[in-house]
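Chains as they are written, first to last, in my numbering: chain S, 1 to 392; chain Y, 1001 to 1392.
FYI, nobody ran anything at the bench for these hints, they're computed from the structure. Among these hints, one or two may not hold up.
Some, not all, of what chain S presents toward chain Y, calculated at C-beta under 7 angstroms [said to hold, decoys possible]:
#, residue
1, Phe14
2, Leu213
3, Phe319
4, Phe320
5, Glu323
So these bits of chain S aren't anywhere near chain Y, every CB distance computed over 12 angstroms [to be verified]:
#, residue
6, Gly15
7, Arg16
8, Asn72
9, Tyr114
10, Asn155
11, Pro209
12, Glu212
13, Ala220
14, Lys223
15, Ser237
16, Glu244
17, Val297
18, Lys299
19, Val315
20, His371
Every residue gets a Cβ at the ideal spot worked out from N, C-alpha and C, and that includes glycine.
Here is how the chains run, residue by residue.
Protein chains: 2
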Amino acid sequence: MINFDFCSPTRFIFGRGVEKQVGATAAQFGAKKVLIQYGGGSVKKSGLLDTVTASLREAGIAYVELGGVQPNPRVSLVREAIELCRKEGVDLILAVGGGSVIDSCKATGLGYYYDGDVWDFYCGKATPAKTLPVGVVLTLAAAGSEGSNSSVITNEAIHMKRGLNCELTRPAFALMNPELTFSLPAYQTACGAVDIMAHAMERYFTNTPHVELIDRMIEALIKTVMHNAPVLMENPSDYEARAEIMWAGTLAHNNLLGTGRECDWASHQLEHELSGIYDVAHGAGLAVVIPAWMKYVYKHDIARFAQFAVRVMDVEMDFFDPEKTAREGIRRLEAFYTSIGMPITLKELGVPTDRLKEMADNCKETDPSDHSTGHFIRLTHADCYEVYKLMA
Amino acid sequence: MINFDFCSPTRFIFGRGVEKQVGATAAQFGAKKVLIQYGGGSVKKSGLLDTVTASLREAGIAYVELGGVQPNPRVSLVREAIELCRKEGVDLILAVGGGSVIDSCKATGLGYYYDGDVWDFYCGKATPAKTLPVGVVLTLAAAGSEGSNSSVITNEAIHMKRGLNCELTRPAFALMNPELTFSLPAYQTACGAVDIMAHAMERYFTNTPHVELIDRMIEALIKTVMHNAPVLMENPSDYEARAEIMWAGTLAHNNLLGTGRECDWASHQLEHELSGIYDVAHGAGLAVVIPAWMKYVYKHDIARFAQFAVRVMDVEMDFFDPEKTAREGIRRLEAFYTSIGMPITLKELGVPTDRLKEMADNCKETDPSDHSTGHFIRLTHADCYEVYKLMA
């Protein structure tokens, strides 16, 4: 186990009807005037926005609204939100939505106290010093942004998507009612499940020895998602399955499962290039990337991949051929993705293979000193190209 | 899954040498003058207290010291500590020790802002409104108080030991170096392991259906403790095993593993009566209580006890006789306790059987409305007596 520093101060209020507590909760955090950000019109149509504003009014909290946050949240809207907060004297930002809306709010909170352009934080030109508090009413189980320290913003003018890890951006509170996810289409639910599992797997495949507790907890989380996602393919309104997956989504990414270990993150970089060029859903992209990445790297630590196969994928250990056990684990992961309607090849994803080299060369380097991506194995751009080819 | 409200804001700084960060960390929390509480002289002998005070001086933080916190921390010392804090203008309390020292500091922090007697909080006469922040340098993996909302204080004048659950008492930060636990005697290490497992099991045995994620996470934690505690019986200085158990100790009791479910806590009440009369270590008492409690209640939910047996105790499921599977799980838990030198009967614990009825009648009622203890099964005083008899 390696040394760590972990703090997840977010207050999670979870269960049926908790969105009605938003006014009282915001008041406990001292809010007098709130900026509500949301995405498309679904929170209006569903009546959720009305519930939220009624609760705020009841708590004597004023509010302004800003809709139109897009799936890859734009820095232009963030800039607009920052101006609105300043003009209106907002003291808390409320995200009503999923990861994109939350990330837009996180960026707004950081930009509020900064004299320069908020993009400076995302391109590495400046470090945030302070933030407005962010509250969340979650409508999607996937990104885990409701409990994480990360946000991803797109600068549409220069076609650049950049992430920021910053402890200041952990939300102050998150209201999580699994019922609010009943109406999600099956495809989006499946994408969410893949994303949640990916956050756990990026942490699982590590070179750090002696990480038993967190290994086992990650296994617990992935098994739970794999057990409950198929239930939702049959019955999208199964409360218990929605609840398991929603809480798993938070715990997969608040970095409890990253404590004491080096994490990988190559698969996320490979997927970012994919969805950067082709407009594919992040989860669907990950379902294609991860098995390919696994096939490329598993020989680096057959014992760990065999453990994954046996403990998570219920493969029977072949003691005389651990490598075969490891490969069977990867095969079963692919079979699982397929079973919930996810693609496992570029073809199934609808992506052509003529720009693989370009994507490989653009893959963000985790360690610029040796131009490598990921930690489990440090992939060169040439390695990335090989991984992309395995997706064909 | 039932609704929940969970917030664990403590900052955990974990690993080799982290105690040297205490000054810098306390400064980040705005500390100007600290009260250091500790127990016997071991932190002096080991040099830990010198390390802590040197770090505080380096950060420009003044301090006063108060040693002598006893294993069942006394309210008289807490009162003394409160006076000291007021007289000296202390703004942060630092616990250097294990659960008892931390609990004494938690009570001190609450009492500081209260005009009446701090015992009022523990006997239910008053509710805390504010606290001084508490920091921790942990020297013992067991009680989990470094991350929990609970504290237990003894009023020696009236022979009463009472617990308080209060979100205000979650520590601001905890510095956790597993090396600081190398010198613990095997018996105390084993007691700690039993206590940690008990915190997980009190949450595991629930009537709440559909709690898969947390079930699996609890199983992960108990298995990890069972795997690593025996390592320490052989080699008390095994860093990795100490680290697994220390982090497990925190996660077993910060109530992450209680989210979404009703918990039991009857075994803790039964043990409190035992250690209240006879001076036995809490962990050793629990090793005697828990198997007896299990034997008395397992028929209430054979499926859950079979799941525990199979997933935690590695019992092979007997599909034609789940009850036998459940019983074998309990037997293996007893065998585990025995293997790490823990007692599993009152006789082995050195406790006579002539006051069992008295202890049963004194068992703290979890629900005064029906005079019952625990939730998995609501034990009457007569039930408690039967459980005690099973320990003979």
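Results for each hint:
1. Phe14: Phe14 (chain S) check passes; min Cβ-Cβ to chain Y is 5 angstroms, inside 7 angstroms.
2. Leu213: Hint on Leu213 (chain S): holds, closest Cβ of chain Y at ~4 angstroms, below 7 angstroms.
3. Phe319: violated (17 angstroms)
4. Phe320: violated (22 angstroms)
5. Glu323: With Cβ-Cβ at 25 angstroms, over 7 angstroms, it is violated.
6. Gly15: violated (3 angstroms)
7. Arg16: Given that some Cβ of chain Y is not farther than 12 angstroms from that of Arg16 (chain S), nearest at about 6 angstroms, it is violated.
8. Asn72: Label holds. Min Cβ-Cβ 29 angstroms, cutoff 12 angstroms.
9. Tyr114: Given a closest Cβ separation of 21 angstroms, the condition holds.
10. Asn155: Consistent with the label, Asn155 (chain S) stays out of reach of chain Y, its closest Cβ about 32 angstroms off (over 12 angstroms).
11. Pro209: At roughly 8 angstroms from the nearest Cβ of chain Y, Pro209 (chain S) sits no farther out than 12 angstroms, so the non-interface label is violated.
12. Glu212: violated (5 angstroms)
13. Ala220: violated (3 angstroms)
14. Lys223: violated (6 angstroms)
15. Ser237: For Ser237 (chain S), whose nearest Cβ neighbour in chain Y is about 14 angstroms away, the distance exceeds 12 angstroms, so it holds.
16. Glu244: violated (5 angstroms)
17. Val297: holds (24 angstroms)
18. Lys299: holds (25 angstroms)
19. Val315: holds (17 angstroms)
20. His371: At about 30 angstroms from chain Y, His371 (chain S) clears the 12 angstroms cut-off, so the statement holds.
Violation of the numbered hints given earlier is confined to hints 3, 4, 5, 6, 7, 11, 12, 13, 14, 16; the remaining hints are satisfied by the structure.
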